[in-house]
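Chemist: Mapping of the sequence shown onto the UniProt record's numbering: residues 1 to 294, in sequence order.
For the record, the hints were derived by calculation from the structure and aren't laboratory data.
Please note: incorrect hints may appear among the correct ones.
[Said to hold, decoys possible] In the DSBU-like style, the derived pairs of lysine-lysine whose C-alpha atoms are separated by at most 30 angstroms in a straight line are:
hint, residue 1, residue 2
1, 49, 8
2, 8, 107
3, 51, 107
4, 8, 236
5, 51, 82
6, 197, 73
7, 49, 73
8, 197, 236
9, 57, 82
10, 41, 73
11, 107, 84
12, 41, 57
13, 246, 236
14, 197, 41
15, 73, 8
16, 84, 41
[Stated by the list, open to error] Here are the simulated distance ranges between beta carbons:
hint, residue 1, residue 2, range
17, 61, 121, 29 to 37 angstroms
18, 61, 148, 22 to 30 angstroms
19, 109, 205, 42 to 50 angstroms
20, 241, 82, 39 to 47 angstroms
21, 228, 3, 43 to 51 angstroms
22, 88, 49, 20 to 28 angstroms
23, 3, 125, 33 to 41 angstroms
24, 112, 60, 52 to 60 angstroms
25, 242, 125, 40 to 48 angstroms
26, 78, 241, 42 to 50 angstroms
The beta carbon of each residue, even a glycine, is placed where N, CA and C say it ideally should be.
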Amino acid sequence: MDATNPSKLFSVEGMVVCITGGGTGIGKMMTEAFATNGAAKVYIVGRRKEKLDETAKLAPDIIIPMVADVTSKESLCALADKIKHETGYVNLLCCNSGTMPPPIGVKSTDVSLHEYRARALAQQPADWAQTFATNSSAVFFSAMAFLELLDAGNARGNCAGRKSQVLVTSSIAGYLRTPANLGAYPASKAAATHLVKGLAGTLAPYSIRVNAIAPGLFPSDLAAELIAAGGVAEGKEATEEGAFAKTFIPAERVGRLEDMAGTVLYMASAAGAYLNGNITVLDGGRVSQLPGTY
């Protein structure tokens with residue numbers, strides 16, 4: 001039966017996808033997943049043209065690099081207008097762009113109140129504002145800029161059995177309550193997670209779904225320092241089982257391409273058509289080893 005045929009159930013054939021931050025890290029994994037599994041077009045968005053162009057070489061007939069700034073409402077609207085004139089619709093918008101400012105760098109459990117205050121006040125309000133602009137506000141403004149394109153995707157009817165979707169890259173950092181975790185990045189990701197829930201309800205009358213993936217550690221520029229701090233076992237790559245203690249990540253490794261690809265293909269295909277307002281944690285069990293609210 002077609003209802004249980006995996007080639008149909010998990011198909012993204014013919015989809016038009018737009019991925020912000022699609023040239024590097026997790027976004028690049030998403031790009032590769034869609035481009036190699038039948039998507040008609042994958043627009044990848046970012047500020048660094050050279051990174052976008054490099055990723056587009058993976059499938060130059062499918063991947064379309066677009067330079068834009070997700071923290072600029074004008075830039076997002078111009079991007080949406082360009083896609084409207086080129087293609088006319090989008091089935092899936094992946095809000096994946098992210099940034100991480102310098103952390104406070106010390107735990108309150110390790111230093112005096114005086115020292116903690118000094119380190120905390122060395123943080124810059126501008127860094128916090130930029131972090132929220134990229135990780136949180138951009139989710140809202142990207143969704144609004146693409147609203148008509150997503151509606152047109154529904155009208156197009158090229159994705160049988162499922163409605164257009166906004167898929168947000170959140171983070172398990174937004175759930176954690178560890179002393180070392182206070183800062184702009186986790187707060188901004190908690191905000192993004194809440195936005196997903198609010199947008200899912202708000203856009204329901206328009207048949208546009210909103211979901212999120214909350215990743216743990218995956219190879220990327222943003223996560224490199226955290227991965228190194230976890231203590232990779234000698235002779236192991238971070239993506240190999242046995243690279244880390246179970247107390248750090250129960251899976252004993254960081255995420256791989258297939259972990260992210262499998263998740264986004266599920267959420268974007270008919271298999272995930274009944275998801276709306278959902279946050280899928282994809283972390284190898286790491287959040288279970290840390291104090292948190294999940």
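Chemist: Take the hints in turn and mark each one as holding or not.
Modeler: Each hint tested on the structure:
Taken as a hint, the residue 49 and residue 8 pair is broken in the structure, with Cα atoms around 35 angstroms apart against an allowance of 30 angstroms. Annotation: proposed proximity of residue 8 to residue 107 is violated, straight-line Cα distance about 49 angstroms (limit 30 angstroms). The suggested pairing of residue 51 with residue 107 is violated, with an alpha-carbon distance near 35 angstroms, which exceeds 30 angstroms. Pair hint residue 8 plus residue 236 does not hold up; C-alpha atoms about 37 angstroms apart against a cutoff of 30 angstroms.
At roughly 20 angstroms between alpha-carbon atoms, residue 51 and residue 82 fall within 30 angstroms of each other, so this suggested pair holds. Distance hint between residue 197 and residue 73 is fulfilled; the C-alpha atoms sit about 22 angstroms from each other, no more than 30 angstroms. Between the alpha carbons of residue 49 and residue 73 the distance comes to roughly 19 angstroms, so the proposed pair stays at or under 30 angstroms and holds. With a C-alpha separation of about 39 angstroms, the suggested pair residue 197 and residue 236 falls outside the 30 angstroms cut-off, and the hint is violated.
Restraint check for residue 57 and residue 82: satisfied, since their Cα atoms lie roughly 21 angstroms apart, inside the 30 angstroms limit. Proximity of residue 41 to residue 73 is assessed by CA-CA distance (about 23 angstroms); at most 30 angstroms being required, the pair is judged to hold. A distance of roughly 48 angstroms separates the Cα atoms of residue 107 and residue 84; the hinted pair therefore is violated under the 30 angstroms criterion. Distance check on the hinted pair: residue 41 and residue 57 sit about 14 angstroms apart at the alpha-carbon level, within 30 angstroms; holds.
Taking the CA atoms of residue 246 and residue 236, the gap is near 15 angstroms; set against the 30 angstroms cutoff, the hint holds. Taking the CA atoms of residue 197 and residue 41, the gap is near 28 angstroms; set against the 30 angstroms cutoff, the hint holds. Between residue 73 and residue 8, the direct Cα distance comes to roughly 37 angstroms. Violation of the 30 angstroms bound is thereby established for this hinted pair. A distance of roughly 13 angstroms separates the Cα atoms of residue 84 and residue 41; the hinted pair therefore holds under the 30 angstroms criterion.
Checked against the hint of 29 to 37 angstroms, the C-beta distance between residue 61 and residue 121 comes to roughly 52 angstroms, which is inconsistent with it. The supplied range of 22 to 30 angstroms is met by residue 61 and residue 148, whose beta-carbon atoms lie about 26 angstroms from each other. Between residue 109 and residue 205 the CB atoms are about 47 angstroms apart, so this pair conforms to the stated range of 42 to 50 angstroms. For the hinted restraint 39 to 47 angstroms between residue 241 and residue 82, the CB-CB distance of approximately 43 angstroms keeps it satisfied.
Distance hint for residue 228 and residue 3: a CB-CB separation of about 45 angstroms, consistent with the stated range 43 to 51 angstroms. For the pair residue 88 and residue 49, the beta carbons lie near 25 angstroms from each other, so the given range of 20 to 28 angstroms is met. Between residue 3 and residue 125 the Cβ separation comes to about 53 angstroms, which falls outside the hinted range of 33 to 41 angstroms. Taking 52 to 60 angstroms as the suggested C-beta distance range, the pair residue 112 and residue 60 conforms, at roughly 57 angstroms.
Checking the proposed 40 to 48 angstroms range against residue 242 and residue 125 shows it holds: the Cβ atoms sit about 43 angstroms from each other. Checked against the given bound of 42 to 50 angstroms, the beta carbons of residue 78 and residue 241, roughly 45 angstroms apart, stay inside it.
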